[in-house]
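Peer 1: Protein sequences appear in the order of chains A and B.
Counting from 1, one number per residue, gives the positions in the first sequence under the working numbering.
Counting from 1001, one number per residue, gives the positions in the second sequence under the working numbering.
Keep in mind that the hints were calculated from the coordinates and are not lab data.
Accuracy of the hints is not assured; some may be wrong.
Every beta carbon over 10 Å from chain A, so not counted as near; a handful from chain B, in silico [stated by the list, open to error]:
no., residue
1, 1425
2, 1464
3, 1466
4, 1530
With a Cα cut of at most 30 Å, we get these calculated DSS-like pairs of lysine-lysine [unchecked claim]:
no., chain 1, residue 1, chain 2, residue 2
5, A, 50, B, 1447
6, A, 192, B, 1435
7, B, 1342, A, 50
8, B, 1303, A, 50
Even glycine gets a Cβ: it sits at the ideal position worked out from N, Cα and C.
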Amino acid sequence: MPDVSKMKKPDVKVVLLGDMHVGKTSLLHRYTERKFKDTTSTVGGAFFLKQWGPYNISIWDTAGREQFHGLGSMYCRGAAAVILTYDVTNWQSLSELEERFLSLTDTANHDCIYAIVGNKADLTDPKAQLSPNSDSFSEDQTDIVEDRTEPQVLSACPTPPASPTSLSGVVPRKQVSREDAMALYGRILRYKGLDEKSSLPADKMCFETSAKTGYNVDALFETLFDLVLPSILRKRHENHESPTVDLEDCRGSGKRVRSSCC
Amino acid sequence: MFILILFVCSNWDVIMDADTLQEGEEQPMRNCAPPSDSEAPVGILAPSLPLLRNHTTPEPTGRHDFVSVDEDQISSLDPSGDTKVELHSDAGPSSKLDSEETDSPSCQRSVSTPPSGREDVPTDPDQSDSGEFVVTMLAKAKLEEQGIGVKGRSSPLIEAGIQEASALASHRDEDVTADSWRQHRKHVFVLSEAGKPIYSRYGSEEALSSTMGVMMALVSFVQSGDNIIRSVYTEEHTVVFLQKGPLVLVCVSSSCQSEQQLRGELLYVYYQIISMLTQASISRIFEHKKNYDLRRLLAGSEKILDGLLNLVDSDPSFLLAAVHCLPLVSSLRDSLSQILQKAITPNLVFSILIAKNQLLTIVQEKTVIEDVRLEPADVHLLLNLIGASSAFQAGEIWTPICLPLFNPDCYFYAYISYLDPPECTVCLLLLSTDKEAFYAVAECKRKIEEAMTAQNSLSLIAKAQSYSVSQVGVSDLRHFMYKPFDVPDNYRQLTQFTSPEMEAPYCSDEEKMRLLDLYRYMHSRIHSTSRPLKLIYHVAEKETLLAWVTSKFELYTCFNPLVTKACAITAITKLLRWIKKEEDRLFIRYPPKYSTTPNPSKSSKSSKSEQQDSADNGLSLL
Ligand SMILES: Nc1nc2c(ncn2[C@@H]2O[C@H](COP(=O)(O)OP(=O)(O)OP(=O)(O)O)[C@@H](O)[C@H]2O)c(=O)[nH]1
Ligand SMILES: [Mg+2]
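Extracted from the complex, chain A is given alone in its bound form:
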């Protein structure tokens, strides 16, 4: 596809959604700057450009605060992928995804893909406490998935605990199991009217990450980027006059900012 480089670069929009304090900004920061540092609660939304091979991927880190709720659908407009983020130590943050955030994705692309991400895994999962050997993580995706299911089966906790705060207050309990997240994924597909068999499987699209240690973070973003690009190319070929061409134009000409972003 040599013509791709001649035309305006395809843009993909990836949006991070989820309740405040679940770690969206930290995840993005870990991925783009390889660091975990202090954050302040995001206001509105923050736009980033990430170069992925020859493509520019725009990433919107949105505010989880209820104050900005009304803006969510704007940030989601035309999204090719939405990362629904929760905090594994906070059951409420998972249910918020369904109650508050799912409807915001109505403005996303029809072929938008969804990932459900349980962050702060370092707090509950010894495996996530170590800094990852990122190579082995991104090389074999299925391995990790199988790996990850094991501990949850042992400590299965499918029902929400009555009290959100553990009495000890020191070690937060895992409140959301991966099965809960996968069940939510199924409900999202149904909400979108998508057929489970022709869609991406739940165990591939449900992640547990730690922005703090970096566990699974690259795997998350890179899996999504890889999944999203073919659909963009397909769309480019099928349909040269995209209805969102005006936005694409603006974003396409945003190449100068790349150096300042990532």
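Use these hints to put chain B with the ligands onto chain A, whose structure you have.
Peer 2: Same frame as chain A, now just chain B with the ligands:
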């Protein structure tokens, strides 16, 4: 049955008095003039004013603490200056509340009677048993916060609060029972009319909910007599109340600031809240639901309010209600303005360039500037928002923001991006009235960036810095703040002030704060409502200050302690001459304009007419 009880925190003990008592006598800084000097007309409010105070404070004799009430109906000060903890009630036997005896059975008795709800502070001013209610509230507050005044104790409630907030650093998880908590220079609380805690500068709102409940009880009680509580003076603290719509803001300060100044600061806090939510949506929320927990909407904004209060304490811009711009050779400032002027898109209304948290230049939409000007307070709120939200600076932020003085009911959309990553000192702020304009506005940034690269602007800006007072060439002058007023030809300009770097001996934070406090004192004298002054020459311990206000400017100067009055006057003449000479460098002189209104018939009011739109902007809640 008229009872007014004040309980704020162990030694914030109080006596009532009326606002009018202050008039005619200069508002003293700390040791308030004895209200007993003045006649205290008896109003309907308080035939008897029982007082509540903590026994840990030494019994003062001839204390001159007072509460002032904003009304012609003036309450009397209990002449006995009773400082006992007993609560007198006409209706029934007095219930003894002793904060030291936390296990006091009488406490428990009082507590057992009221319902458990915390939001049940009466908002109905006609509630007949409000006196008793207050008593109950106090009893409850005492029990729940039994740790207060009792070192080393903490209630389960407080522990829970700490646990929950443990993830958040900052002052949120402070032990509200500790002495250190009480010793903060300035506490600020925000609560709803229903007494629900919304914000506390130190300590979690949960842990303080009963304290806030008591504050609200006080506000509503005074209200029930058709009065408005304005302030409470104690030996060590000034408590200032400000009610704005459904919100009540309270400041408890041990600083030397005047009530007026403290109220001004509370107003900034209110405006910052408005800047995030808009006034219209706050009213709408509370119209629907008096008991609404506004913390839900403000959750995550604490750092913005914390940041604001820290700025208010350390940056004289707030005191002067003026904007500080970075001194810049006028040709450079002009070229930056031109760059901004050229990078426009429909519905762009303000383009602002900021370096080191100071203004470089500001360009406004033509029709906007004709109608209204940007108020300094709005700029302060914007700068604070940027400061508080820029921890992760690489991205381009797009967020709704309301400029409360411009229009408290509608949102602008702010594009915020740093031009010099990773240092992140030069920030571009573009305000649009169009929610959907992100990509178009981001494109303006690319243009600006390109032009600035071409002109090497960034490295020129990097060299710009504040100036040293030594440049003025007046030997005894240590520091000054100069704020020119509107003059006919620059009417509608942003109010600005100029000030040199604080240098020795004002290097440490303590010394800087001390100088600011002196300025605040001078400011309060100049702006005293009862006896405003035009010129003050004040010999302090370690320096001499001179403040002067004319129809053209307001000036605060700080000299060596040994300066003579004559010398100081000469110095000021020299200083004014120097400022005049440097004017073009020190101030944004002629803010340029651009025209982006696509439809000429659409005036700047278009931004104001978007009010109905605000519902779907940030809030889809109600
Ligand atoms: N232990 C642990 N803490 C995390 C992790 N990710 C984020 N945090 C912490 O969680 C808090 C919130 O992180 P943010 O990244 O600001 O959360 P957010 O989702 O962007 O929040 P909003 O911007 O308000 O929507 C911060 O104190 C982080 O340090 C993680 O993987 N492990
Ligand atoms: Mg964030």
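Peer 1: Now look at each hint and say whether the structure bears it out.
Peer 2: Evaluated hints:
{"no.": "1", "hint": "1425", "in the structure": "holds, 14 Å"}
{"no.": "2", "hint": "1464", "in the structure": "holds, 21 Å"}
{"no.": "3", "hint": "1466", "in the structure": "holds, 26 Å"}
{"no.": "4", "hint": "1530", "in the structure": "holds, 41 Å"}
{"no.": "5", "hint": "A/50 - B/1447", "in the structure": "holds, 20 Å"}
{"no.": "6", "hint": "A/192 - B/1435", "in the structure": "holds, 27 Å"}
{"no.": "7", "hint": "B/1342 - A/50", "in the structure": "holds, 28 Å"}
{"no.": "8", "hint": "B/1303 - A/50", "in the structure": "holds, 29 Å"}
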